[in-house]
Amino acid sequence: MARKDDMLKAFLKNEEFCNKYNIAVTLDVTIFQAQRSDSLALVALAKIIDKYEDDNTTPLYQQVINLLNEKL
Amino acid sequence: MIINKLSLYNFMCYYDHKPFEFADGLNIILGHNGDGKSTIFTAFNWIFDQYSQLELSEVYSKKKYSEILENESFDVYVECIVTQYNEEYKITKSFTVTKNANNTNISHTKEEIWRKDLSTGEKSLDGRTIAKLSQQVFPEAFRNFSMFETETDALKIVEGEKLAELVKNFSNAKHYEKLDDVLEIFEKRADKQFRREATADQAAQDKMDDIDRKIEVTTVEIKNLKKRVEEDENGRDFYTEKINELLKNATISDDYKKIEEQIDKLTIEINKARSENKSRNRFTDKIFDNFYLLNGFDKIISAFSDKVNNFRQEKNRIDNEERNKFAVEKLQLENGATPFPPGFPSLDILNEILKDNICKICSAELEDSSKEYINKSIKLYEESKKKEKQLEMPMIFPNNFIDEFQIIDRTIQLKPEKYASDRITEEIEFGIKRITENNNQITENNNKISDLEIEKKDLLHKIPNISENELKNIRLKHEEYSKEKDILVGKIGENETKLDSKKAYLEELNITQRNTYSQFKESDFKRSTVEVLSMLSKIAKSVKQDEYKKFLEILSERASKYLKQINVGEITGKIELYRKNDKEVTYKSLNEDNSVRSSLEDSGALQISKPLSILFAIADIASETADNETYPMIFDAPTGRFSPDREQEFFKVLKSTNKQRIVVTLRFLGADKTNTPFVNKDLFQNIEKDKAFFIKRVRPFEIDKPETINTEIESLN
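Chains as they are written, first to last, in our numbering: chain Z, 1 to 72; chain W, 73 to 789.
Please keep in mind that the hints were generated in silico from the structure rather than gathered at the bench. Worth double-checking, as some hints may not be accurate.
To be verified - Quick list of in silico lysine-lysine cross-link-like pairs, DSS-like style, CA-CA up to 25 Å:
1. W/K77 x Z/K47
2. W/K260 x Z/K51
3. Z/K51 x W/K77
4. W/K613 x Z/K20
5. Z/K13 x W/K250
6. W/K246 x Z/K9
7. Z/K51 x W/K264
8. Z/K4 x W/K613
9. W/K77 x W/K727
10. Z/K4 x W/K240
11. W/K727 x Z/K47
12. W/K622 x Z/K4
13. Z/K13 x W/K613
14. Z/K9 x W/K613
15. Z/K47 x W/K240
16. Z/K47 x W/K598
17. W/K598 x W/K610
18. Z/K4 x W/K610
19. W/K246 x Z/K51
Start from the sequences, fold in the hints, and give me the full structure.
In structure tokens, the structure reads:
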């Protein structure tokens, strides 16, 4: 999980993304915490990083699309 | 994973049971060619690589076979005991050979794995295949950079796609690769879905489709242009390297010319000295033959003078007589009177007789026969005048010894002090001194020429690919390559300009696409959803690049550290690994000031130590990234190009990695008069190692009789 947390942190170094989607960057943010964030973009990112290795990514895609379409 | 033991049982040249028990450190196996070095490598491959195919009829011990009777069998096997995560695995691959009356029967290979829990000591049969177990204990990705048969194997693996694969496997970048793929797919899928579900008028739809097509075409064009630029850049780099090579060779060429000039100068000096000696020798001869012999003959010198004078007079007389004769003959010839017989009238009188038709002697009228005779004689005379006649001055005294004698005589009389005994001795000594000096100079110059010839050869050795004649054409080649390079640089410039304009066009298309996009009225599928995914996809690409960069920086740093360690005391420069493109990773050599270092500056050992350094660095990082698991590295003859000093450093580095390394080499061995190998202990004791073995064929054996071959293992610990 530490590896995926590191991947998330690498994405959150992108200031444009954080500013646009109101993400307050904390150094020790984890995938687990990010999935419970108020920022839907961050939640979507955390979900993708968490599940991107699945053989079938369609369920993940659907989940992310539903999340973003419904609440963003 | 550690390899504890490798047992070979009737496997190739290893007759009966031959085990190697390895240490968890540096293991060195010494063996001459043909003594079974590569068999060890083959055995490891056969065990761990499921794709390794052996012709079984060729890998059983022929000695064992020769010892069994008809209908008897024996087993051939390779057994490897490895430890990983507190478990020990005994992996066996075997087959059976049976000698029949008319043929040999070879069974299929059998596999067996026994697992032993090292904490409880409990043993059990592992039901997995060896291939499956290998994936756990020695995965292919690791094996690929851990087992090298000869140094060239190592050279192949550290460039291009294979290195890219290694980097991908051992860096975090592989995770980002996958994530990047997923995000790109999500972005495209969302975009399509949005457009499908959104409502827009037909014109906007059509415009969007047109822009899509244009973006697609432009993207392909950009890709092609990039490829072309990359190819031309490769060409430019190729010519740059060639030009650098030539420039280096130009220096060699200049040095070569300077040496040739020096040789010419020395040769001229030699010729001059030889010529003087020749003349000195002649002079000495003269002194000995003439002057010196005369010296001390004072009492008879006057008699000698008289005699010489007499000779002179006699000679002059004879000379004069002959000269007179010659002068008369010449004069007659020039007057044209010679052809008439003696007593015959002259031409004028003959003409007069013919004119008057009366004989001037008897005053009688000429008879026809007389007229005819006279006419014939005149005709003969006229004809003879037409022929060129030459008279040569007679040489009565061609050597002119009398003159020589007279000169000597006069000289002695005029300058007796010059030919005094002391003076002549002095003259002779001076002559001998000069001759000795000249001879010394000739010897010295010849030695210098020999040294210069060696220097010439050394220069030619530095450029094995260039002949002596090519060396002289270096300037021409330089011009040719410079032209080619300039053409490519021009093309690169042109294509980069095109590329910039295509990129600008693509940017315009993207803006138009975004503007057109805004005409699409979103439905349940939000535009913002596509935007989030699009942004994430872009970030993924940049993060992935950063990961590669980070990993390659660490790898470069470690590889450079190893390079310095192996080549201690040598100016090595640094190694910089970089991504050439999406598929290939390569490396370049830099000087400490980051300027590009030409491979021409490197010795052969330094060149081969670069890929090895990269491999050591990868092995370090691999063990850190793979849950701290380490894997052995197995080298078969990796130090072929190393000098003894470099070899020591190489082994020192291997030892300092504190990981299991197994090296098979033919170094540190000698052979006695009977060609029996022995270990050069003085050399080998300087190599720090954990275990060492010496393999050799049991003597006597016959090379063309495999049934006499049996390799034995001697432990050197």
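Here's how the hints hold up against the structure:
1. At most 25 Å may separate the alpha-carbon atoms for a hinted pair to count; W/K77 and Z/K47 exceed this at roughly 47 Å.
2. Using a Cα cut-off of 25 Å, the hinted pair W/K260 and Z/K51 holds, with the two alpha carbons roughly 19 Å apart.
3. Pair hint Z/K51 plus W/K77 does not hold up; C-alpha atoms about 42 Å apart against a cutoff of 25 Å.
4. Simply put, W/K613 and Z/K20 have alpha-carbon atoms about 19 Å apart, close enough for the 25 Å limit, and the pair holds.
5. Restraint check: the Cα-Cα separation between Z/K13 and W/K250 comes to about 20 Å, which is no more than 25 Å; the hinted pair holds.
6. For the suggested pair W/K246 and Z/K9, the alpha carbons sit about 17 Å apart, so the restraint of at most 25 Å is met.
7. With a CA separation close to 22 Å, the supplied pair Z/K51 and W/K264 stays within the 25 Å bound.
8. Pair hint Z/K4 plus W/K613 holds up; C-alpha atoms about 16 Å apart against a cutoff of 25 Å.
9. A C-alpha spacing of about 19 Å is found between W/K77 and W/K727, which places the hinted pair at or below 25 Å, so the restraint holds.
10. Between the alpha carbons of Z/K4 and W/K240 the distance comes to roughly 17 Å, so the proposed pair stays at or under 25 Å and holds.
11. For the suggested pair W/K727 and Z/K47, the alpha carbons sit about 46 Å apart, so the restraint of at most 25 Å is broken.
12. Of the pairs offered as hints, the one joining W/K622 and Z/K4 holds, with about 17 Å between alpha carbons and a cut-off of 25 Å not exceeded.
13. With a C-alpha separation of about 13 Å, the suggested pairing of Z/K13 with W/K613 holds against the 25 Å cut-off.
14. With a C-alpha separation of about 15 Å, the suggested pairing of Z/K9 with W/K613 holds against the 25 Å cut-off.
15. Between Z/K47 and W/K240 the alpha-carbon distance is near 24 Å, which keeps this suggested pair within the 25 Å criterion.
16. At most 25 Å may separate the alpha-carbon atoms for a hinted pair to count; Z/K47 and W/K598 meet this at roughly 19 Å.
17. Between W/K598 and W/K610, the direct Cα distance comes to roughly 19 Å. Compliance with the 25 Å bound is thereby established for this hinted pair.
18. For the hint linking Z/K4 to W/K610, the alpha-carbon distance of about 18 Å falls within 25 Å, and the restraint holds.
19. For a cut-off of 25 Å, the pair hint linking W/K246 to Z/K51 stands: about 15 Å separates their Cα positions.
Hints 1, 3, 11 from the list above are not met by this structure, while the remaining hints are.
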